[in-house]
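Can you build the whole structure from these sequences, using the hints too?
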Amino acid sequence: MIDTLRLSAEEAKRLLDAREISGAELFAAYGAAIDDRDEELHCYLHRCDDPGGDGLPIALKDVIGTQGIPTTAGSRILEGYVPVYDSTVVERLKAHGLRILGKTNTDEFAMGSSTENSAFGPSHNPWDPSRVPGGSGGGSAAAVTGGLAPWALGSDTGGSIKQPSALCGNVGLRPTYGTVSRYGIVAFASSLDQVGPVARTVRDCAYLYSIIAGRDPCDSTTVELPHPVELPEAVDVRGLRIGVPKELNEAEGIEPGVTEAVRAAIAKLEELGAEVGECSLPLSVEYGMACYYLISPAEASSNLARYDGVRYGYRADAAERLEMYKRTRDEGFGDEPKRRIMVGTYALSAGYYDAYYGQAQKVRTVIKREHDALLETFDALVSPTSPTVAFPLGARTADPLAMYLSDLLTIPSCMAGLPGLSIPCGLSEGLPVGLQLVGPQFAENTLFRIGHALEQAIGFDSVPERLRT
Amino acid sequence: MATDPQKIGRAQLLHVAHLARLELREDELDRLEGQLNDILAAVSKVSELDLSDVPPTSHPLDVVNVWDDDEPRPCLSVEDALANAPEREGDFFKVPPGGAA
Numbered sequence: 001m002i003d004t005l006r007l008s009a010e011e012a013k014r015l016l017d018a019r020e021i022s023g024a025e026l027f028a029a030y031g032a033a034i035d036d037r038d039e040e041l042h043c044y045l046h047r048c049d050d051p052g053g054d055g056l057p058i059a060l061k062d063v064i065g066t067q068g069i070p071t072t073a074g075s076r077i078l079e080g081y082v083p084v085y086d087s088t089v090v091e092r093l094k095a096h097g098l099r100i101l102g103k104t105n106t107d108e109f110a111m112g113s114s115t116e117n118s119a120f121g122p123s124h125n126p127w128d129p130s131r132v133p134g135g136s137g138g139g140s141a142a143a144v145t146g147g148l149a150p151w152a153l154g155s156d157t158g159g160s161i162k163q164p165s166a167l168c169g170n171v172g173l174r175p176t177y178g179t180v181s182r183y184g185i186v187a188f189a190s191s192l193d194q195v196g197p198v199a200r201t202v203r204d205c206a207y208l209y210s211i212i213a214g215r216d217p218c219d220s221t222t223v224e225l226p227h228p229v230e231l232p233e234a235v236d237v238r239g240l241r242i243g244v245p246k247e248l249n250e251a252e253g254i255e256p257g258v259t260e261a262v263r264a265a266i267a268k269l270e271e272l273g274a275e276v277g278e279c280s281l282p283l284s285v286e287y288g289m290a291c292y293y294l295i296s297p298a299e300a301s302s303n304l305a306r307y308d309g310v311r312y313g314y315r316a317d318a319a320e321r322l323e324m325y326k327r328t329r330d331e332g333f334g335d336e337p338k339r340r341i342m343v344g345t346y347a348l349s350a351g352y353y354d355a356y357y358g359q360a361q362k363v364r365t366v367i368k369r370e371h372d373a374l375l376e377t378f379d380a381l382v383s384p385t386s387p388t389v390a391f392p393l394g395a396r397t398a399d400p401l402a403m404y405l406s407d408l409l410t411i412p413s414c415m416a417g418l419p420g421l422s423i424p425c426g427l428s429e430g431l432p433v434g435l436q437l438v439g440p441q442f443a444e445n446t447l448f449r450i451g452h453a454l455e456q457a458i459g460f461d462s463v464p465e466r467l468r469t
Numbered sequence: 470m471a472t473d474p475q476k477i478g479r480a481q482l483l484h485v486a487h488l489a490r491l492e493l494r495e496d497e498l499d500r501l502e503g504q505l506n507d508i509l510a511a512v513s514k515v516s517e518l519d520l521s522d523v524p525p526t527s528h529p530l531d532v533v534n535v536w537d538d539d540e541p542r543p544c545l546s547v548e549d550a551l552a553n554a555p556e557r558e559g560d561f562f563k564v565p566p567g568g569a570a
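Residue numbers (the numbering used here), protein chains in the order written: chain E, 1 to 469; chain C, 470 to 570.
Calculated directly from the structure, the hints in this document are not laboratory data.
Hints should not be assumed to be uniformly reliable.
To be verified - Straight-line C-alpha distance at most 27 Å; calculated DSSO-like pairs for lysine-lysine:
hint : chain 1 : residue 1 : chain 2 : residue 2
1    : E       : 368       : E       : 246
2    : C       : 514       : E       : 362
3    : E       : 246       : E       : 268
4    : C       : 514       : E       : 246
Right, dumping it as structure tokens:
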């Protein structure tokens with residue numbers, strides 16, 4: 001009997017290599033788990049048949065283009081769209097024999113922090129289905145925690161991998177900008193978008209990252225990794241200097257239970273040999289949100305211009321072309337993309353460009369410099385990933401600005417292009433608390449090392465209490 | 470305090486919607502007017518900082534120009550390129566005629 005709630009990808013691979021289980025049995029075990037629990041969790045927008053072979057199964061956020069498999073980005077405007085080519089990350093997965101279980105739910109065009117902006121209905125948190133799994137990649141995160149996939153790929157613009165991993169109690173990596181190809185990915189904000197792994201353990205996360213990372217001739221923003229990915233082994237963090245940025249740890253709105261769990265984990269880091277010191281990011285946290293909510297909508301308004309009803313996706317009936325464009329976009333896009341397109345278009349329009357978009361780009365420089373300076377002193381920065389644990393469905397849907405605050409702590413390092421790892425560090429009110437580790441560009445190995453050592457020391461049980469048998 | 474941004478009124482909202490090629494319904498316009506003004510008031514916070522001598526960042530990596538050899542390789546067939554077209558005629562995407570833009 002394969003227990004998909006507990007099986008790590010590493011262990012599954014060992015069982016496959018030793019021929020203790022077959023590829024077909026493994027794929028079928030996840031299929032059965034999806035049959036059992038996806039009606040409640042709604043992680044998947046589309047399921048795939050077993051393509052055969054002995055590779056590990058994997059779930060993909062539905063912004064990742066897959067040849068012959070529908071790819072909707074959670075939007076009606078792409079309903080029925082079937083890509084005619086694979087994204088580079090999917091080519092890489094297939095070259096490793098990995099098999100696609102299905103496409104997971106996401107806020108429309110990855111715009112959101114709860115999956116409630118999905119045109120196809122929200123996903124639910126496996127710890128408490130009355131609560132959100134986080135977003136935008138809530139489907140991937142809930143699938144991994146719910147045992148509906150051993151691991152998954154997500155995408156992260158301002159926190160869409162790390163925040164759902166925190167709320168669902170698993171491990172998510174937003175890689176250094178430029179290390180993973182975006183070719184074939186539905187674009188949101190191109191100077192921020194990154195694809196990354198979601199997994200049950202830090203070692204699985206590192207292994208999946210090693211498969212997808214590296215330069216891609218089809219994405220000119222990608223670079224070769226300066227050093228190979230190392231699967232973490234060490235159970236200590238001796239010799240590492242870890243900074244605790246005051247503003248990321250004491251921001252207004254951080255729940256006391258979240259602070260308590262993160263402080264306990266920081267104490268563990270000291271026990272494990274790290275040199276821990278307080279530090280400060282005075283401008284990055286205060287101005288990060290405003291900067292992000294100008295730059296990302298501006299880039300989104302440009303990227304989403306392609307949905308015009310001409311080449312693919314939904315088209316509304318209209319007698320004239322301009323009318324067709326406008327109706328197609330009104331009927332095809334949901335509220336959140338429309339809001340961001342409007343904000344972005346305004347921020348880029350004549351007379352407002354310098355005051356909004358131009359100024360935000362300068363703030364981005366300030367944020368980057370502030371992080372770079374701290375990371376000369378520290379090997380990594382630690383904080384909560386999300387100010388709160390998973391919140392109830394509907395709690396933030398009426399107020400866009402309240403929803404935006406979900407990403408308060410993940411946004412600053414995203415603006416700086418830095419890698420961030422979220423790992424579970426305990427429970428608050430019976431729900432997982434995520435701990436965020438941010439490092440210098442290309443320092444994923446350091447984050448994996450710290451994350452792995454902390455994971456072993458904490459011994460967090462990633463199976464939701466209600467699903468334990 | 471953030472400088473109070475100019476409020477967006479209905480006429481400007483319609484102008485931006487036209488630039489974005491969005492035909493918004495009345496109820497959407499009502500809702501968006503308030504939400505957009507709230508969001509712009511929040512993001513106007515960036516104007517608090519005097520950054521006249523700070524260069525902008527458009528991209529987080531120091532990228533250099535990438536040159537690839539000019540070698541032909543397979544590309545999408547016409548059939549694949551048109552596979553998702555809402556409407557086609559022969560080897561073309563078909564669209565309604567242009568009206569007054």
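Here is what the structure says about each hint:
1. Under the criterion of a C-alpha separation no larger than 27 Å, the hint pairing residue 368 (chain E) with residue 246 (chain E) is consistent with the structure, at around 17 Å.
2. As the CA atoms of residue 514 (chain C) and residue 362 (chain E) are separated by approximately 13 Å, the hinted pair is consistent with the 27 Å bound.
3. For the suggested pair residue 246 (chain E) and residue 268 (chain E), the alpha carbons sit about 18 Å apart, so the restraint of at most 27 Å is met.
4. Straight-line distance between C-alpha atoms of residue 514 (chain C) and residue 246 (chain E) comes to about 21 Å, which keeps the hinted pair within the 27 Å bound.
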